[in-house]
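> Sequence:
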Amino acid sequence: MKRLRIFSFILIFTLVFVNIIVPTTPKAEAVSQTAYQSSSPEVGTKSDFKYRVQNDRIYITEYVGTKTKLIIPETIDGKPVFAIVAGSFTGSDLTYLKLPSSLSLLGSNSFNECDSLTQIDVDEANTKFCSIDGVVYSKDKTVLRAFPAGRSGSFMIPDGVTTIYNFAFYRCYQLESVNMYNTVTS
1 MKRLRIFSFI
11 LIFTLVFVNI
21 IVPTTPKAEA
31 VSQTAYQSSS
41 PEVGTKSDFK
51 YRVQNDRIYI
61 TEYVGTKTKL
71 IIPETIDGKP
81 VFAIVAGSFT
91 GSDLTYLKLP
101 SSLSLLGSNS
111 FNECDSLTQI
121 DVDEANTKFC
131 SIDGVVYSKD
141 KTVLRAFPAG
151 RSGSFMIPDG
161 VTTIYNFAFY
171 RCYQLESVNM
181 YNTVTS
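For the sequence shown, the numbering used here puts the final residue at 186, and the numbers step up evenly by one.
Incorrect hints may appear among the rest.
[Said to hold, decoys possible] Okay, the calculated beta carbon distance ranges per label pair:
1) Y173 - T142: 36 to 44 Å
2) K50 - Y170: 32 to 40 Å
3) Y181 - D56: 40 to 48 Å
4) A125 - E42: 16 to 24 Å
[What the hints assert, rightly or not] With a Cα cut of at most 20 Å, we get these calculated SDA-like pairs of lysine to any residue:
5) K141 - N109
6) K79 - E113
7) K50 - E113
8) K69 - D56
9) K141 - E113
10) K98 - V43
11) K139 - E113
12) K98 - F82
13) K79 - S47
14) K139 - T163
15) K98 - T45
16) K50 - N109
17) K50 - V64
18) K98 - D48
19) K46 - Y59
20) K128 - E113
21) K141 - G107
22) K98 - N55
23) K69 - E42
24) K50 - V85
Hint data in this document are derived by calculation from the structure and do not stem from the laboratory.
The beta carbon of each residue, even a glycine, is placed where N, CA and C say it ideally should be.
Assemble the whole structure, with the sequences as input and the hints as a guide.
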């Protein structure tokens with residue numbers, strides 16, 4: 001029995017040592033690829049978006065930038081970013097997104113086909129929306145508004161959520177299960 005423990009310990013130590021200290025070629029490639037990209041989110045600029053101005057507020061209609069970790073700015077041309085129109089980020093390569101405090105309208109399916117998106121955060125000062133663990137909810141946490149399509153595994157909808165917004169789980173192909181309390185009614 002003692003030999004088996006010693007052998008197990010040596011085997012585990014060897015596997016850990018090989019995987020941490022002596023990386024395989026694919027891991028080395030991944031490290032070199034990330035050297036070209038910023039590891040922290042970048043604030044978007046005017047040129048990253050197509051938008052319209054309505055009532056002195058910005059309505060984002062399309063993301064045309066190339067950033068994969070994006071913070072949507074509070075203002076563009078001195079006007080508050082008020083809305084993200086449905087489908088605005090369709091097909092982008094985003095992995096992370098932070099929504100500004102100025103955002104008041106979020107169209108359904110705004111993140112359509114964002115299959116790499118794993119986290120959406122909301123600025124804490126936002127009065128309409130909040131995020132919990134990278135998922136967007138109404139500020140009162142009764143409506144699940146947007147779930148990042150790149151997430152995998154299982155997800156438990158928090159107690160108190162009554163509504164799942166249209167297309168909130170659209171294209172969440174890697175998600176294995178969604179569990180919910182009986183408070184969800186629509």
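> If a hint holds in the structure, say so; if it does not, say that too.
Here is how each hint holds up against the structure:
no.: 1; hint: Y173 - T142: 36 to 44 Å; verdict: violated (27 Å)
no.: 2; hint: K50 - Y170: 32 to 40 Å; verdict: violated (22 Å)
no.: 3; hint: Y181 - D56: 40 to 48 Å; verdict: holds (41 Å)
no.: 4; hint: A125 - E42: 16 to 24 Å; verdict: holds (20 Å)
no.: 5; hint: K141 - N109; verdict: holds (19 Å)
no.: 6; hint: K79 - E113; verdict: violated (28 Å)
no.: 7; hint: K50 - E113; verdict: holds (18 Å)
no.: 8; hint: K69 - D56; verdict: violated (27 Å)
no.: 9; hint: K141 - E113; verdict: violated (25 Å)
no.: 10; hint: K98 - V43; verdict: holds (9 Å)
no.: 11; hint: K139 - E113; verdict: violated (25 Å)
no.: 12; hint: K98 - F82; verdict: holds (14 Å)
no.: 13; hint: K79 - S47; verdict: holds (15 Å)
no.: 14; hint: K139 - T163; verdict: holds (13 Å)
no.: 15; hint: K98 - T45; verdict: holds (14 Å)
no.: 16; hint: K50 - N109; verdict: holds (17 Å)
no.: 17; hint: K50 - V64; verdict: holds (7 Å)
no.: 18; hint: K98 - D48; verdict: holds (14 Å)
no.: 19; hint: K46 - Y59; verdict: holds (12 Å)
no.: 20; hint: K128 - E113; verdict: violated (24 Å)
no.: 21; hint: K141 - G107; verdict: holds (17 Å)
no.: 22; hint: K98 - N55; verdict: violated (24 Å)
no.: 23; hint: K69 - E42; verdict: holds (6 Å)
no.: 24; hint: K50 - V85; verdict: holds (11 Å)
Checked against the numbered hints above, the structure violates hints 1, 2, 6, 8, 9, 11, 20 and 22; every other hint is satisfied.
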